[in-house]
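Student: Chains as they are written, first to last, in the numbering used here: chain A, 2 to 636; chain B, 1127 to 1334.
Hints were generated in silico from the structure; no laboratory data involved. Treat each hint with caution, since some may be false.
[What the hints assert, rightly or not] Mimicking EDC-like on lysine to aspartate or glutamate, the simulated pairs with C-alpha atoms at most 20 angstroms apart in a straight line are:
#	chain 1	residue 1	chain 2	residue 2
1	A	LYS376	B	ASP1180
2	A	LYS373	B	ASP1180
3	A	LYS68	A	ASP227
4	B	LYS1188	A	ASP367
5	A	LYS353	B	ASP1180
6	B	LYS1216	B	GLU1271
[What the hints assert, rightly or not] Which bits of chain B does chain A cover? Going by a derived footprint, with three or more residues having C-beta under 8 angstroms, they are:
#	segment
7	1139-1147
8	1189-1202
9	1227-1238
Virtual Cβ for every residue (Gly too), placed ideally from N, Cα, C.
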Amino acid sequence: MSTLTPPTGAPKSAGAAKNKNKNAEQAETRSVESKSDGRNQAAAADLGNGLPVLGAPTGRTNRYVGKTGAEIMLQMLVEHGVTDAFGYPGGAILPTFDQLYKNQINFILVRHEQGAGHMADGYARATGKPGIVIVTSGPGATNTVTPLATAYMDSIPMIVFSGQVRTYMIGNDAFQEADVTGITRPVTKRNYLVKSVNDLPRIINEAFIIATTGRPGPVLIDLPVDVTTSKVEQMIDDTPYLPGYKVYRAGHSRMIRQAMELINRAERPVLYVGGGAIISDAWAEVRELAKKANIPCTTTLLGMGAFDEHDPLSLHMLGMHGSAYANYAVQESDCLIAVGARFDDRVTGNLKLFAPKARIIHVDVDPSSISKNVKVDVPVVGDAKLCLAEMCELAEYRPREAWLEQIKAWKQKFPFTYHDDSPLPKPQAIIEAINQVTEGKAYFTTGVGQHQMWAAQFIRWRFPRSMITSGGLGTMGYGLPAAIGAQVGRPGELVIDIDGDASYIMTAMELATIRQFNLPVKVAILNNRFQGMVRQWQQLFYGGRFSNSEMVNPDFAAMAESFGIRGMRCTRKEDVLKTVEEMVKHPGPCVVDFLCETAENVYPMVPSGKGLHEMELGVVASAPPNSARELGSLA
Amino acid sequence: MRHVITALVMNEPGVLAHVANMFSARGFNIDSLVVGRTEDPQLSRMTIVVVADDRTLDQVRKQLAKIVTVVKVRDYRETPFVARDLMLVKLSASPRTRSEIIELAGLFRGHILDVGHNSLTVELSGEEDKLDAFVDLVRPYGIRELARTGMIAMARGGHAMSLAGEDSDGTGGPAAAAPPIAQSSGRPARVAVKRVPTQEELEATPPG
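Work out the full structure: start from the sequences and follow the hints.
Tutor: This is the structure in structure tokens:
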């Protein structure tokens, strides 16, 4: 098993914050810790049905007697290893905030509850630990709906505690009352309305299990005021009761044998690795399988970093804006091995034309992902880490010279590229500079749109958890709060939000949070004065009618300065590298407004409804694509 | 193809909403959905009739099993099963037609629950098509009110779906391409969908 260091691109300059070293040490211990908590602990003890015991031992107990719901909640958070939480107070959650006042949990006060949700999400993605959110009833809770949906789509462990009006007032349209369990049911893995303080310990134990095991996801716990204020007065049982909850761990050995028979025989296999491989910490196994069986590997947007993109076997990202070589390889493949990926439409293009020659093996912890979009030949249901480890045992090395030669030719012919032909810097050039300065050793977050795709294309992803982005839901405004969450979870590490001007300003008020908690988050805004991806679609598919996609922006540098944060502006090509270096070296938080070319489009692009091989190569096709013509026979 | 799925679910608020919402969110087509108590006070049982092809049925089953509060799920593609629907129907009945209706109800093993001056209320249970047939027969007398529970179903033989027992969320093995059998008590597959009265028929029904 290969050993890897997590991103450690933290600035080493003397001017670093004074608690820097302490933070770095803490970061080191945390990164070690994070390997032993969560899933691995799960293997150590279980409730008899494969579910882990998290937190303190459970059973009938007196230990809650005399404690209020709020006291119990905070005590249990600590027992579950929670060190940080995000949120915003309000009437219905004040009993809990009163306990936070005395508690050692590092609480990050946000400026909008949406920010709290995305921070918890970014925190979870950077550390693997569940993100914790504490908000009030009504609007406080409804503001977390977008983060919940974001986390649900991308299978991110998160627990939201929302205040609620007193139990006897529920249903009476009380002040700041909302049917929060009703509203959030479709975007949570499980949600609870706690009716009695006696149920609270069991529910919290269940919430941690549900949020962090199997296919992780967000859980919401709605806490009426009288539950957080009243006391437990009797012996209660806090053992989780989850008869309908099943976690798949080891894969079916017959399926694994069948899968490996297919793989070992395949002439043109491709590994297609998604976010599940990151979630299950299976990156070492992914690399081992690719190496041992000699299989080229492409990753989805969320799977970035599961495979080292410097490796010759790497095909980089696939899909709508993926590399030409990854898409061609998938379409030509005779054996596609999907790991922790769900055949999203942005990955597959037209399903009827997807991977027409391939037998499909699908390793996934969620049985409902199997054959949902694409008919799977060999399903392996289980934890990616465990399944891949078993698969590696059976893997045989095959040279596959013709296949690898073909891939090499595609890679040489169609690299990600751009023309440096505009007066303003090209956005890709800015990301290349960031890649060059950081060597990929940082936690990157993004908003959604062109900048997100360019970040995926032009940063060479090498480390798991280094890409933090909203993939499934595509939530604009995710980048800044997610970066704050990642920074809280990885103190001392370099965290960079690569953002678009339109995405950034959706949640830019969280600059105040950055200031208040002195978080050295860096923000690189690729400012093209447009919702870039919307503009691209309007240009390509709507006759250039740029309906409401042009943005008039504030001076982002001055705006940051007004929050007490270093603001910089870069307008000239020759300053890009220098500015990136300065940004990374700056010890504190820093916002850089990179003014860049507006009319730049993301290529390659698979137009919707087309097969992956029918992508528009755009600038990538600078040389006549002979191979593409050969591939014309595919459909 | 109509398929029958049964699910044991936790008996707590929100579960029915969750299941119903999952069906609508994923665009699955429900024909009927019945919930009721079981021998275990912590569990309820749902019987869901869906219109779906085989692959969609697999998805329905898996998506149901994925809901944390859904404890067990099974479908009856490959298992003989018994199914019943209960109906109460209030018919217009004059002294002249009353005995005819009673005779018909008797033929269908129905019971007369209530007799009024101009009405008769019949209780009838059985397979859906038997009930459909009865409705067809008595329509000329004038249906004033009709209520059906929707189908409940259970496998034949000793197999029992309980907390400890078997389930079939089909995950360990390969997605075996089982032919759709949808059998009920050994008879040929019923493809017929419940007949819905036409607008004319509804208007022709005497006012209550």
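Student: Next, verify each hint and record whether it holds.
Tutor: A quick look at each hint next to the structure:
1. LYS376/A / ASP1180/B: Distance ~12 angstroms between LYS376/A and ASP1180/B Cα, so the pair holds.
2. LYS373/A / ASP1180/B: With a Cα-Cα distance of about 12 angstroms, the restraint between LYS373/A and ASP1180/B holds, given a limit of 20 angstroms.
3. LYS68/A / ASP227/A: Satisfied, since the Cα-Cα distance of roughly 13 angstroms is no more than 20 angstroms.
4. LYS1188/B / ASP367/A: It holds: about 9 angstroms lies between the C-alpha atoms, which stays within 20 angstroms.
5. LYS353/A / ASP1180/B: The given pair, whose Cα atoms are some 18 angstroms apart, holds under the 20 angstroms limit.
6. LYS1216/B / GLU1271/B: Holds - the C-alpha atoms of GLU1271/B and LYS1216/B are around 5 angstroms apart, at most 20 angstroms.
7. 1139-1147: Our answer is that it holds, as 5 residues pass the Cβ test (under 8 angstroms) against chain A, meeting three.
8. 1189-1202: holds (count 9)
9. 1227-1238: Result for this restraint: violated, n = 0.
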